[in-house]
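2 protein chains.
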Amino acid sequence: MTANHIDLYDTTLRDGTQREGISYSLDDKLKIAARLDAFGMDYIEGGWPGSNPKDVEFFRRAPSLGLSHAKLAAFGSTRRKGVRPADDANVQALMGAETPVVTLVGKSWALHVVNVLETTAEENLAMIEESVAYCQAQGKEVIYDAEHFFDGYKADAAYALATLAAAARGGAACVVLCDTNGGSLPWEVAEATARVIAHLGGVAVGIHTHDDGGCGVANSLAAVRAGAVQVQGTVNGYGERVANANLCAIIPDLQLKMGYDCLSAEQLRGLTELSRYVAELANLTHDDHLPFVGASAFAHKGGIHVAAMLKDAASYQHIDPAAVGNRQRSVVSELSGRGNLIDKIKQFNLNPESLDVPKVLEQIKQLESQGFTFEGAEASVELMLRRTHPAYVPPFEMTDYWVMVQRRRGRGPIVEATVKVRVGPKIMHTVAEGNGPVNALDAALRQALAGVFPRISGVRLADYKVRILDGENNTAATTRVLIETREGMRRWSTVGASPNIIDASWRALADSMEYALIQ
Amino acid sequence: MTANHIDLYDTTLRDGTQREGISYSLDDKLKIAARLDAFGMDYIEGGWPGSNPKDVEFFRRAPSLGLSHAKLAAFGSTRRKGVRPADDANVQALMGAETPVVTLVGKSWALHVVNVLETTAEENLAMIEESVAYCQAQGKEVIYDAEHFFDGYKADAAYALATLAAAARGGAACVVLCDTNGGSLPWEVAEATARVIAHLGGVAVGIHTHDDGGCGVANSLAAVRAGAVQVQGTVNGYGERVANANLCAIIPDLQLKMGYDCLSAEQLRGLTELSRYVAELANLTHDDHLPFVGASAFAHKGGIHVAAMLKDAASYQHIDPAAVGNRQRSVVSELSGRGNLIDKIKQFNLNPESLDVPKVLEQIKQLESQGFTFEGAEASVELMLRRTHPAYVPPFEMTDYWVMVQRRRGRGPIVEATVKVRVGPKIMHTVAEGNGPVNALDAALRQALAGVFPRISGVRLADYKVRILDGENNTAATTRVLIETREGMRRWSTVGASPNIIDASWRALADSMEYALIQ
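So the sequence lines, in the order shown, correspond to chains A and B. Its first residue numbered 1, the first sequence is counted upward by one per residue in the UniProt record's numbering. Its first residue numbered 1, the second sequence is counted upward by one per residue in the UniProt record's numbering.
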């Protein structure tokens with residue numbers, strides 16, 4: 001632990017679950033906690049045991065994780081008005097969680113004390129001090145989250161500071177300034193943080209921001225610059241309304257640009273993988289446009305940029321993508337031209353001399369005008385290139401398929417698919433049922449290929465995405481299907497487009513299998 | 001124009017098109033330009049006529065738009081090394097665009113001058129000054145974009161300032177400091193901007209940032225606070241790599257929080273609609289988590305937050321959502337409980353007394369465990385509530401369907417669907433072809449309903465979204481279909497989930513039509 005170490009406090013599992021669309025299973029929560037620990041977070045807030053049974057169960061099972069570095073924190077509010085902490089169900093639920101750290105949230109803003117809690121300013125101060133003191137006396141490291149601190153500070157700075165002083169008197173190890181509504185601006189956060197630090201003396205100060213004004217990351221950085229030593233946030237910024245402070249941007253900013261010490265260089269290289277892992281368990285498409293860790297974060301589309309990048313990588317990149325485990329890409333599209341495609345050919349380890357590059361460029365242009373997109377479907381691009389090689393022989397050729405889905409008198413759905421595939425001189429004609437039409441097609445195709453290519457059984461579809469391209473044409477619009485396929489640790493993506501979702505899926509599926517078989 | 005007016009310079013149509021996945025048609029570009037003008041942007045950068053024929057054609061057709069307020073700008077680089085502006089193809093293309101404003105981009109960073117342009121520091125200064133002077137002499141208002149200004153300033157402040165002085169000597173109306181690689185931090189931007197303003201004296205200074213470090217919005221705000229009077233950005237932040245500066249966050253921050261004057265209050269209320277319109281033409285799903293304008297920006301999920309909001313709207317909101325044309329919502333989910341559902345019932349103008357609220361809560365919980373999600377499918381929630389009313393009679397009932405898709409010997413795809421629907425005592429049995437299976441089902445269903453409900457012909461599907469919920473189960477995973485339907489200006493969303501994409505689509509389609517018919 002160096003003098004300029006910043007504590008990373010992750011609340012993906014508590015505040016992060018407030019994001020619209022997120023609902024983790026208990027198993028998901030345990031897996032994420034283990035991953036956050038392995039990554040190097042200093043604190044992991046696991047949940048609010050006083051608010052729901054899933055979180056109680058999480059803390060019951062958490063010791064089996066055997067966390068190697070992170071301290072587990074249970075979150076809850078200060079005692080209710082007029083009740084002793086020892087008699088408060090929420091405070092007792094916190095004790096029952098049996099974590100080394102307890103994070104107590106209390107009110108800093110008179111508006112909330114009077115309108116929401118419906119109590120007095122004095123009772124609120126007592127609620128804070130007594131709750132912190134009680135938990136501290138039970139042997140807990142107590143972190144005090146000052147909800148709405150910056151709004152409260154604007155409304156009545158003296159009272160907001162008095163709430164923090166109450167937490168400090170109670171024995172809080174750290175008081176955390178929360179921009180709960182997310183509307184503060186960086187210079188406001190910097191000024192208030194500096195004043196708190198001057199006012200409190202020895203107590204550590206932390207920062208917890210949201211992105212409602214678009215300044216969540218900058219606000220966290222500004223607070224650290226003003227002296228805060230703990231940053232609370234979530235992986236990918238997942239959180240209520242717009243977002244929590246995004247640790248996947250804050251950590252590399254602190255470490256690579258501001259010279260603070262959060263993680264080892266090796267841990268930091270795990271950032272992109274962590275970001276994708278949490279997106280996967282959250283069942284959200286990983287956002288390509290996340291700073292540092294998004295698939296597009298170092299993707300260059302403009303022909304001029306790509307040309308300049310070939311001359312000097314620093315010319316259009318703010319950091320080396322490898323430092324956060326990401327990579328530089330050039331994007332293939334109708335606008336990008338020959339330079340990007342040549343760059344891709346290098347990346348695929350192909351020899352441009354033996355390929356018909358202008359033909360592929362022309363094909364891409366034409367297919368894109370029909371709705372294909374080759375951004376994010378690199379295996380389809382590689383296949384197009386390989387197919388222009390004079391010696392290329394496709395491993396199989398599909399000639400026919402037939403799919404049927406029905407419900408009759410409440411029975412169903414019933415799904416059946418047939419395919420006819422040529423492999424060399426042989427014709428395979430197979431039939432399969434499935435849960436859905438694409439699943440049935442997939443099953444019939446695998447059946448046709450498995451006899452000749454046994455390895456196909458190790459190839460799995462990892463993701464299947466559907467995008468409707470032209471919302472104006474109702475259900476007749478062009479449908480684009482992206483399929484991600486996996487074999488062991490290798491992954492590749494293929495694309496198909498058609499007004500018919502089955503046909504589009506079929507094309508992406510056929511490309512995906514062809515790509516598997518030529519490796 | 002007041003003293004604290006900030007000029008809004010929109011580059012959605014130029015820098016914004018560098019975003020991976022965006023490719024506007026010429027028509028799209030013209031429509032967006034008209035919309036940006038109507039919204040109140042001061043400058044609209046339409047494209048780079050020297051780089052592609054689509055942009056040349058855009059400027060040829062732009063006068064027909066009859067822009068009411070915005071000035072149109074053509075973008076291009078300073079003259080090449082060793083060539084007079086009058087002989088430079090790119091500068092001449094700018095003149096050919098016949099816009100009142102020309103924006104010239106030049107180099108501020110020695111790394112780029114030497115490594116990319118492969119010329120000398122002196123020639124670069126001459127390129128800047130002569131290009132600006134030439135365009136100014138042709139009667140243009142010249143804006144000078146200093147590419148990589150902040151990186152150049154860090155490497156060699158004196159040279160970076162000298163490039164701006166060259167633009168000023170040439171007669172630039174405004175010099176714009178560009179954080180091209182997007183990695184600067186707010187205090188760096190503030191310091192450099194203040195120094196530039198002190199150095200240049202009378203010339204107006206603008207700011208152009210990117211979001212690679214997660215500080216794009218904050219950096220723009222910091223520059224304005226330091227004296228910049230023009231902000232360049234894009235709608236929704238669309239742009240290369242991570243994002244351009246997001247005008248949909250910067251504008252309300254400047255106007256509602258910092259007291260600058262950008263737009264009238266009425267214009268500002270058009271912000272959310274503008275954001276959605278551009279997403280639609282960009283063919284991108286509108287990001288629910290955009291600050292200010294996202295569908296989730298004022299959505300409250302936590303039971304405690306919702307309860308507090310009912311007491312005091314300011315308690316968990318940083319601004320009034322109506323100021324930017326957005327609205328407050330509570331989110332229905334298994335975590336949210338009775339309070340959120342009661343809030344929804346109010347929003348739907350239903351009477352909770354006549355409905356079975358606990359039954360619907362139980363249903364939601366059960367369906368969500370199967371993969372449904374009611375966040376974003378409010379019409380399905382409203383239908384579930386209405387169906388618990390003792391007097392509710394569904395307008396129709398679907399009993400059977402059958403769908404077939406095939407390709408035979410290169411012919412196809414051929415698609416056919418039949419449906420059997422009961423309307424009161426009548427049974428309708430209809431068949432239709434379609435471009436795809438959902439389209440054929442939709443057509444057969446409409447045919448069955450149209451005889452009894454003529455208004456169904458005015459109901460259109462506006463969007464169709466598919467999400468695979470469990471990537472681990474290959475093509476057998478649960479599929480969730482969200483359908484957005486439109487009738488005139490009204491829109492509603494319904495949901496269906498099943499391992500079978502056709503069956504999931506069918507459920508969402510049936511809900512969508514039922515909802516249309518009970519209005």
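Check before you lean on any hint, since a few could be wrong.
Each pair may be met inside one copy or between any two copies, as identical chains are not told apart.
[Said to hold, decoys possible] Under the rule of at most 30 Å between Cα atoms (straight-line distance), these lysine-lysine pairs were calculated in the DSS-like manner:
| # | residue 1 | residue 2 |
| --- | --- | --- |
| 1 | Lys-346 | Lys-465 |
| 2 | Lys-154 | Lys-71 |
| 3 | Lys-71 | Lys-54 |
| 4 | Lys-81 | Lys-154 |
| 5 | Lys-31 | Lys-365 |
| 6 | Lys-154 | Lys-359 |
| 7 | Lys-54 | Lys-31 |
| 8 | Lys-257 | Lys-71 |
| 9 | Lys-465 | Lys-365 |
| 10 | Lys-54 | Lys-426 |
| 11 | Lys-420 | Lys-346 |
| 12 | Lys-426 | Lys-81 |
Keep in mind that the hints were calculated from the coordinates and are not lab data. It should be emphasised that the depicted structure is a prediction, and the values quoted were computed from it without experimental measurement.
Now for the hints, and whether the structure bears them out:
1. Lys-346 x Lys-465: within (28 Å within a copy, 36 Å between copies)
2. Lys-154 x Lys-71: Neither. Shortest intra-copy (33 Å) and inter-copy (39 Å) distances fail the 30 Å Cα cut-off.
3. Lys-71 x Lys-54: within (20 Å within a copy, 57 Å between copies)
4. Lys-81 x Lys-154: within (25 Å within a copy, 54 Å between copies)
5. Lys-31 x Lys-365: between (43 Å within a copy, 24 Å between copies)
6. Lys-154 x Lys-359: neither (64 Å within a copy, 45 Å between copies)
7. Lys-54 x Lys-31: within (14 Å within a copy, 50 Å between copies)
8. Lys-257 x Lys-71: within (27 Å within a copy, 38 Å between copies)
9. Lys-465 x Lys-365: Close inside one copy (22 Å) and across copies (26 Å); limit 30 Å.
10. Lys-54 x Lys-426: neither (55 Å within a copy, 49 Å between copies)
11. Lys-420 x Lys-346: neither (36 Å within a copy, 56 Å between copies)
12. Lys-426 x Lys-81: Neither way: Lys-426 and Lys-81 sit 80 Å apart in one copy and 63 Å across, limit 30 Å.
Hint check: violations occur at hints 2, 6, 10, 11 and 12; the rest are consistent with the structure.
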